[in-house]
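Chain residues, written in single-letter form:
2 protein chains.
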Amino acid sequence: MSDTPFYLIDEARLRENMRKIERLRERSGAKALLALKCFATWSAFDIMKPYMDGTTSSSLFELHLGREKFGKETHAYSVAWADHEIDEAIGYADKIIFNSLSQLDRFGDKAAHIERGLRLNPRFSTSGFDLADPARPFSRLGEWDAERLEAAMDRISGVMIHYNCENADFALFDHQLSRIEAEFGDILKRLKWVSLGGGIHFTGDDYPLDALADRLKKFSEDFDVQVYLEPGEASITQTASLEVTVLDILDNGKKIAIVDSSIEAHMLDLLIYRETAKLPQQGEFEYQIAGKTCLAGDIFGEARFDKPLEIGDRISIADAAGYTMVKKNWFNGVAMPAIAIRRENGNIDRIRDFTYEDYRASLS
Amino acid sequence: MSDTPFYLIDEARLRENMRKIERLRERSGAKALLALKCFATWSAFDIMKPYMDGTTSSSLFELHLGREKFGKETHAYSVAWADHEIDEAIGYADKIIFNSLSQLDRFGDKAAHIERGLRLNPRFSTSGFDLADPARPFSRLGEWDAERLEAAMDRISGVMIHYNCENADFALFDHQLSRIEAEFGDILKRLKWVSLGGGIHFTGDDYPLDALADRLKKFSEDFDVQVYLEPGEASITQTASLEVTVLDILDNGKKIAIVDSSIEAHMLDLLIYRETAKLPQQGEFEYQIAGKTCLAGDIFGEARFDKPLEIGDRISIADAAGYTMVKKNWFNGVAMPAIAIRRENGNIDRIRDFTYEDYRASLS
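Taken in order, these protein sequences are the chains called A and B.
Quick note: the first sequence uses full-length UniProt numbering, first residue 1, plus one each step.
Quick note: the second sequence uses full-length UniProt numbering, first residue 1, plus one each step.
Think of the hints as simulated: they come from the structure by calculation, not from any bench.
Errors might be hidden in some of the hints.
It does not matter which identical chain is meant; a pair holds if it fits inside one copy or across any two.
What the hints assert, rightly or not - In silico EDC-like pairs for lysine to aspartate or glutamate, Cα to Cα no more than 20 Å straight-line:
1. 217 to 174
2. 189 to 145
3. 255 to 147
4. 255 to 105
5. 69 to 53
6. 254 to 147
7. 69 to 46
8. 217 to 357
9. 110 to 83
10. 254 to 145
11. 278 to 302
12. 69 to 357
13. 218 to 154
14. 31 to 344
15. 255 to 145
16. 255 to 310
17. 189 to 206
18. 307 to 154
19. 255 to 133
Just need the whole structure built from these sequences, with the hints factored in.
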């Protein structure tokens, strides 16, 4: 078995993000829940638990995992619960957030003994991708009509508003939160808690964390609500790499290094959003870094190195924690990256290897 | 546990495709290998084996599966073999096809006791998607330079030329094969076998199967080579559905039915290629059929029904065998579709269920 490919989570960097989350929580009074849809590698949860309040989920299985492996406060959200899921879901959840009034109507009574909420869609967002924009036309994500929201008010104690998407701009966040205050303030005042969802890149290097904390605190005080944030990418940004090895080097008018991985199988969002991996950019020797699947466009991107690449060289693809491991798949039967953690003392713990038997069992 | 979602493979329809493959093989003399990258649900292999000559692969794991579960003739191809894979690969393979001259140089001696081949890239294709076009600029898929091909000739007995992509047009196939004859005929004459890859939609309803067979036979005779085809989609087109259940119905200016599945998790190519699922289109009641993940664009497409949909209704999404099960993933922790086969006597055998424990074990 080869050493590579593997996802390598860096405990020290993860703890840096966690300390920023802790600082934001302390200064703002907001609670922070890990969004499992982005990152659910539960062997890292012990590192994260001391700094976060719990998890939020987008399905029964994520909810179950959050309850079992993270504990603390456990929020349950799903775009649609099935009849056969609801009893189990309520058994794990501290709060359950329904996506629609009809879901609240259908399941609200069963959940009356825990906190219930509704997803509120403000009809604007910071998304640059139509694909990922919760405010896109005819969005199915949440309720916005005043009459329908009013019809829920006697049953809910809070709302979840997820409208930030990769938003690194505090001024924009401030502006949009003011819009929410203006448009939905009358409703918010009658609630006990408001989740502002995920997508705020507040762990980024230059983010004005204290300004965000103060703004959240003011929002919380003005409306007398407990604020929740649901950091996914912000929790784990810059904390992992995908480690790969060069298998072949071609020159078809351009130097191409083929590595033992694949964007479609191991970093799927690069393919879906037509983006480029974060690759080494220092040096005069240029290569296109390509995956090993049959897909012609299985290309991580362009990279630069200090010296010519050779077969067997290791390449580290940065920022590989978010929306990677949760979406990895067996396309082309490419060997699945192992999962490892670099501890703060420098030791690398290899947590999970995937085998041929795992591949075979993924089908039947 | 719910009945849905599940992939439902129809044995009778699969056998119809197999009979077309058998007819093509008999009339043309070509051999047909199942392309596992498209479909590797091995519980269906017993249905397929009598009609096909074996399998071809795009990785060590697919190769292993082909040898273990399908048997017969087993072709090994990979865009790049790793040093630690090659001995095992040669142990499974009847033929090994290298993607580049450098891979042949590196591993050719080890494989000298089995048939060796090289991927030839003719620098044209029928692909309508740049992403999937093996002839795109700087393609890493195969060799085309005359000098480099010549350097391989003393070591190889055949070539694989994969350039058809969803090609349902026999005239275009004929035209492009003539180009290959003209441009590479001198090389082909000195070989024992030529694989023309996959992508020819010869099992489609109106495809001139006999004309294809005759054309392949002539090619085979003119160059004195054994022809191989590698049908993936053609083997399993129209033979399976994805069965889902309506969980919620919304009206946000458009009627939307949310089902217990997801394009990203269960029919990934719809998302990658921005395509629409094959949904019911009979009746006056229109709905957008949407998945249950957090992705705003998790939309199967528009459908029509004879009567209004209700929560709990079953919807069958057609043509769900190719590039679906091989790419399914745990995005959002959405319950993974089971795999079932509808036997020719009408019985449905549920072959494989996926559980929470499978989800948890996909991470660590």
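Hints, verified against the model:
no. : hint       : verdict
1   : 217 to 174 : within (12 Å within a copy, 70 Å between copies)
2   : 189 to 145 : within (17 Å within a copy, 71 Å between copies)
3   : 255 to 147 : between (61 Å within a copy, 18 Å between copies)
4   : 255 to 105 : between (59 Å within a copy, 18 Å between copies)
5   : 69 to 53   : within (13 Å within a copy, 48 Å between copies)
6   : 254 to 147 : between (60 Å within a copy, 18 Å between copies)
7   : 69 to 46   : within (9 Å within a copy, 41 Å between copies)
8   : 217 to 357 : neither (51 Å within a copy, 40 Å between copies)
9   : 110 to 83  : within (11 Å within a copy, 57 Å between copies)
10  : 254 to 145 : between (55 Å within a copy, 14 Å between copies)
11  : 278 to 302 : within (9 Å within a copy, 37 Å between copies)
12  : 69 to 357  : between (25 Å within a copy, 13 Å between copies)
13  : 218 to 154 : neither (26 Å within a copy, 77 Å between copies)
14  : 31 to 344  : neither (26 Å within a copy, 56 Å between copies)
15  : 255 to 145 : between (55 Å within a copy, 15 Å between copies)
16  : 255 to 310 : within (12 Å within a copy, 56 Å between copies)
17  : 189 to 206 : neither (32 Å within a copy, 64 Å between copies)
18  : 307 to 154 : neither (67 Å within a copy, 34 Å between copies)
19  : 255 to 133 : between (37 Å within a copy, 19 Å between copies)
The structure shown violates the earlier hints numbered 8, 13, 14, 17, 18.
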